[in-house]
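Asks: Protein chains in written order, with my numbering: chain A, 98 to 210; chain B, 16 to 130.
Don't read these hints as lab results, they were simulated from the structure.
Just so it is clear, CB atoms sit at the ideal spot from N, CA and C, and this is done for glycine as well.
Hints are not guaranteed to be accurate.
As the list claims (entries may be wrong) - With the C-beta cut set under 10 Å, the calculated list includes, among others, these residues of chain A facing chain B:
{"hint": "1", "residue": "Q135"}
{"hint": "2", "residue": "P141"}
{"hint": "3", "residue": "E142"}
{"hint": "4", "residue": "Y143"}
{"hint": "5", "residue": "T149"}
{"hint": "6", "residue": "S158"}
{"hint": "7", "residue": "Y184"}
{"hint": "8", "residue": "R188"}
{"hint": "9", "residue": "Y196"}
{"hint": "10", "residue": "K197"}
{"hint": "11", "residue": "L198"}
{"hint": "12", "residue": "G203"}
{"hint": "13", "residue": "L207"}
{"hint": "14", "residue": "V208"}
Claimed, not checked - Straight-line Cα separation of at most 30 Å, DSSO-like style, residue types lysine-lysine; simulated pairs:
{"hint": "15", "chain 1": "B", "residue 1": "K28", "chain 2": "B", "residue 2": "K72"}
{"hint": "16", "chain 1": "A", "residue 1": "K100", "chain 2": "A", "residue 2": "K166"}
{"hint": "17", "chain 1": "A", "residue 1": "K166", "chain 2": "B", "residue 2": "K72"}
{"hint": "18", "chain 1": "B", "residue 1": "K28", "chain 2": "A", "residue 2": "K100"}
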Amino acid sequence: DAKTTQPNSMESNEEEPVHLPCNHSTISGTDYIHWYRQLPSQGPEYVIHGLTSNVNNRMASLAIAEDRKSSTLILHRATLRDAAVYYCILRDVKVDSSYKLIFGSGTRLLVRP
Amino acid sequence: KAGVTQTPRYLIKTRGQQVTLSCSPISGHRSVSWYQQTPGQGLQFLFEYFSETQRNKGNFPGRFSGRQFSNSRSEMNVSTLELGDSALYLCASSLSRTGLLHGYTFGSGTRLTVV
Numbered sequence: 098d099a100k101t102t103q104p105n106s107m108e109s110n111e112e113e114p115v116h117l118p119c120n121h122s123t124i125s126g127t128d129y130i131h132w133y134r135q136l137p138s139q140g141p142e143y144v145i146h147g148l149t150s151n152v153n154n155r156m157a158s159l160a161i162a163e164d165r166k167s168s169t170l171i172l173h174r175a176t177l178r179d180a181a182v183y184y185c186i187l188r189d190v191k192v193d194s195s196y197k198l199i200f201g202s203g204t205r206l207l208v209r210p
Numbered sequence: 016k017a018g019v020t021q022t023p024r025y026l027i028k029t030r031g032q033q034v035t036l037s038c039s040p041i042s043g044h045r046s047v048s049w050y051q052q053t054p055g056q057g058l059q060f061l062f063e064y065f066s067e068t069q070r071n072k073g074n075f076p077g078r079f080s081g082r083q084f085s086n087s088r089s090e091m092n093v094s095t096l097e098l099g100d101s102a103l104y105l106c107a108s109s110l111s112r113t114g115l116l117h118g119y120t121f122g123s124g125t126r127l128t129v130v
């Protein structure tokens, strides 16, 4: 599975936008980019995923570089509830053995009131 | 709608014993996966079940096993417990195996402590 690189931690102020980067220089053409987050004392939570085009949903936006070697998860207005560990994961769902999530160490987001 | 339910939430076992953990997926979800989370190794994939069949397995010893029932509920079993098996065990369910429709939905986990 292709590897992702994320900063260990980031800080943000409440109600400001947050841009969480992810590098995946070895991404293949059929790898989907997934983001999950894990709040304290909870299981991971699906945030968003995309393949080539930028994606938006009610939780966040995903901006994918044109060469797909990096992507950015955007939280438009951070709240205290967004403090969590954010995981960027690549999956090639055309490969049967890839019906699983391989988590790295993620980015711990701290939100200041 | 009800989320993924894992029972029990907490468990304390002695080395050498065995343990069974239960997971009830979201209604209609047929894919169930299990993950182990420890401070040292992070989140690691254990196995995946779909239509009562194990489709995928992670790199864990044979002491770790599981099954899925016809109603999609799943159980995992760990035999001959070791101290290193102390972890948070998470179950995730999905409409499809790929998780591309609405992602995987995780439960809150079972915290297992082996003493």
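Asks: Does the nearest C-beta of chain B fall within a distance shorter than 10 Å of the C-beta of R188/A?
Replies: holds (8 Å)
Asks: Keeping to a limit of 30 Å between CA atoms, is the pair of K28/B and K72/B held or broken?
Replies: holds (24 Å)
Asks: Let's test the interface hint: is any C-beta of chain B closer than 10 Å to that of V208/A?
Replies: At 22 Å from the nearest chain B Cβ, V208/A fails the 10 Å test, so the hint is violated.
Asks: So, Y143/A near chain B? Judge it on the closest CB pair being under 10 Å.
Replies: This hint holds: Y143/A lies near chain B, its Cβ roughly 3 Å from the closest one there, short of 10 Å.
Asks: Given the hinted pair K28/B and K100/A, is their alpha-carbon gap at most 30 Å?
Replies: violated (36 Å)
Asks: With a cut-off of 30 Å on the C-alpha distance, tell me whether K100/A and K166/A pass.
Replies: Holds, at about 11 Å.
Asks: With chain B as the partner, please determine if E142/A meets the hint condition of a C-beta pair closer than 10 Å.
Replies: holds (7 Å)
Asks: Would the hint on Q135/A stand, with a C-beta cut-off of 10 Å toward chain B?
Replies: With Cβ-Cβ at 8 Å, under 10 Å, it holds.
Asks: Have a go at the K197/A hint: is there a Cβ in chain B nearer than 10 Å to its own Cβ?
Replies: holds (4 Å)
Asks: With chain B as the partner, please determine if Y196/A meets the hint condition of a C-beta pair closer than 10 Å.
Replies: Holds, because the Cβ-Cβ distance from Y196/A to chain B comes to roughly 5 Å (cut-off 10 Å).
Asks: Classify the hint on S158/A as holds or violated, based on whether any CB of chain B lies nearer than 10 Å to its CB.
Replies: With a minimum Cβ separation of about 16 Å from chain B (threshold 10 Å), the hint on S158/A is violated.
Asks: Would the hint on L198/A stand, with a C-beta cut-off of 10 Å toward chain B?
Replies: holds (7 Å)
When held up to the earlier numbered hints, the structure conflicts with 5, 6, 13, 14, 18 and fits the remainder.
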